[in-house]
Amino acid sequence: MTGKAAIVGAGPSGCYVAQALLKAAPDLEVDLIEALPVPYGLVRYGVAADHQGTKAVARQFARVFERQGARFYGNVTVGRDISLEALRGAYDAVVLAAGLSGDRRLGVPGDDLAGIYGAGGLTRALYDHPDAMALPDLGRFPLIIGNGNVAVDLLRLLAKHPQELEGSDLGVAASQWLGASQIESLAIVGRAPAADAKFDPVMIKELAKLGHVKIRVVNAAPDAGDKTSEVLAALDGTGQGPRRITFRFGLTPVAVLGDGHVQAVRFAGADGAEDIACSSVLTAIGFEPAPGALPRAEAPGLYAVGWFQRGPRGTIPENRADALALADRILADLSPDTAKQGRAVLAGLAGVVDYEGWCRIDAAELAAAAEGRARAKIQSRPEMLAIATGK
Amino acid sequence: MKITILYGTETGNAEMLAEDIQAALEDDHEVDCRNLSAMSPADFDAGQFYLMVCSTYGDGELPASAKPFAEAMAAEAPDLSDIRFAVFGLGDSEYDETFNHGPKRLADLMQARGAVQIGERVAHDASGSDMAEDVALPWAEAVIAEAGA
Chain A
1 MTGKAAIVGA GPSGCYVAQA LLKAAPDLEV DLIEALPVPY GLVRYGVAAD HQGTKAVARQ
61 FARVFERQGA RFYGNVTVGR DISLEALRGA YDAVVLAAGL SGDRRLGVPG DDLAGIYGAG
121 GLTRALYDHP DAMALPDLGR FPLIIGNGNV AVDLLRLLAK HPQELEGSDL GVAASQWLGA
181 SQIESLAIVG RAPAADAKFD PVMIKELAKL GHVKIRVVNA APDAGDKTSE VLAALDGTGQ
241 GPRRITFRFG LTPVAVLGDG HVQAVRFAGA DGAEDIACSS VLTAIGFEPA PGALPRAEAP
301 GLYAVGWFQR GPRGTIPENR ADALALADRI LADLSPDTAK QGRAVLAGLA GVVDYEGWCR
361 IDAAELAAAA EGRARAKIQS RPEMLAIATG K
Chain B
1001 MKITILYGTE TGNAEMLAED IQAALEDDHE VDCRNLSAMS PADFDAGQFY LMVCSTYGDG
1061 ELPASAKPFA EAMAAEAPDL SDIRFAVFGL GDSEYDETFN HGPKRLADLM QARGAVQIGE
1121 RVAHDASGSD MAEDVALPWA EAVIAEAGA
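Protein sequences appear in the order of chains A and B. Each residue of the first sequence is one higher than the last, beginning at 1 in the numbering used here. Each residue of the second sequence is one higher than the last, beginning at 1001 in the numbering used here.
Treat the hints with care, since some could be wrong.
[What the hints assert, rightly or not] So the derived label-pair ranges between C-beta atoms look like this:
#	chain 1	residue 1	chain 2	residue 2	range
1	B	1077	A	311	37 to 43 Å
2	A	225	B	1071	15 to 21 Å
3	A	236	B	1077	38 to 44 Å
4	B	1027	A	68	43 to 49 Å
5	A	85	B	1001	54 to 60 Å
6	A	275	B	1068	47 to 53 Å
Just so you know, the hints here were simulated from the structure itself, not pulled from any lab data. By construction, the Cβ of each residue, glycine as well, lies at the ideal position given by its N, Cα and C atoms.
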């Protein structure tokens, strides 16, 4: 089968769609258009630096370009460098796989105080994303709000001793920042009871390996047959380290308190209101489209996939399943129009990073890896572009 | 030798490795490669040597594509005493407590039905420095030699 497909976003969902399309129909023209100069999205900037095994899927994605014939158009922002309409005019199918980069806010009074950071923003800062804020001072006792894997990733990273980051790809600046951390205690608070927390049990079990913490899980009564509450209960009392971690459940934030800067969060729980003092607040309560994001509605020849389509739920396997199903749907719908110009529509764009350009960035990052690190990411966009073009 | 590679996957890593093994063996053998999700216990053929490639997901569970096969094996309880197989695991030692439990479950399922395991279960560690195919290809050659002896 012939035909032309453009996928907007070269993160895991977009790469899996490309992989499945080309596996079923190797003669398709499949292009991945990415706003950053580098591919792989959350595999690079979201999967935790100390979960290198999870990042191994990037090898599959490399093959999509190297063996399956997909092309990479990095440093191209749809809606700025080229319009969505132009893409739809040039390709038989356009897939929006742009992810969700905005942090959902608490939506309570005081949620705009200084010292409140979204998990996405903080994660980008930790993992050297080109558009990241500077790493903030979280103070001695940060409070994490959220009960999903994103929250527990942040908790684990912040709780780790520098020696526990051996083999990760955490960068020099973030490593120094963590090494200089003044954090004495970390609280992690969820709205739901423990049995309804969204953590994967395996992520909770992993916390038992932390060497420098002492973990308390308040009201850790296991629900028979519920794995998450069982592993949480088993975690209670773990460790004899200097940094205290406290899990709390069944508390709904109602206000952030502070004079200019956050000082406490007021929660409503079964026993009434409770103020938990904190030096900063990290929110990990979901993601939403960034301002100015692409429209989410599907139309003939226009599809959406992954978090962009379904919301911020599911890890890599679930998004793969979603992507494979979408690829089937696209192939069933596809009626190639030979008048469509395909990738020629991108030919006039300046500053495009192709797959070879990314390979040069990748090689430079691997070569620059510090002792005990898997790579040293290049954070600056101009530097990426200079390496990609060999200038 | 007639070889069928069966893979259980959730992220696609085991599928990619299964295809690599197929490509490496194709010159010397007749090789078929199939997702466990498309394998019924009734499909086993004593004329084939089965190479199984399987990951681990969640808390030591089988990957999604192997689960329907495991259910069918339990429901149908086939006699596989004339079937020979070998298992290669993909795992991540970050999760040491459940490291390679998926492939172990798969081997147990086969052995419980009388199938004969050839060679040792070998595992690749995603958090290690080796490429999966660099570990899996010598394993495949070794178990094929053993099965042919």
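To see whether the hints hold, each was checked on the structure:
The beta-carbon spacing between residue 1077 of chain B and residue 311 of chain A, approximately 41 Å, falls within the hinted interval of 37 to 43 Å. Checked against the given bound of 15 to 21 Å, the beta carbons of residue 225 of chain A and residue 1071 of chain B, roughly 20 Å apart, stay inside it. Distance hint check for residue 236 of chain A and residue 1077 of chain B: the Cβ-Cβ separation is about 41 Å, which falls inside the suggested range of 38 to 44 Å. Our hint of 43 to 49 Å for residue 1027 of chain B and residue 68 of chain A is violated, since their Cβ atoms are close to 22 Å apart.
Distance hint check: the CB atoms of residue 85 of chain A and residue 1001 of chain B are about 56 Å apart, consistent with the given range 54 to 60 Å. Between residue 275 of chain A and residue 1068 of chain B the Cβ separation comes to about 50 Å, which falls inside the hinted range of 47 to 53 Å.
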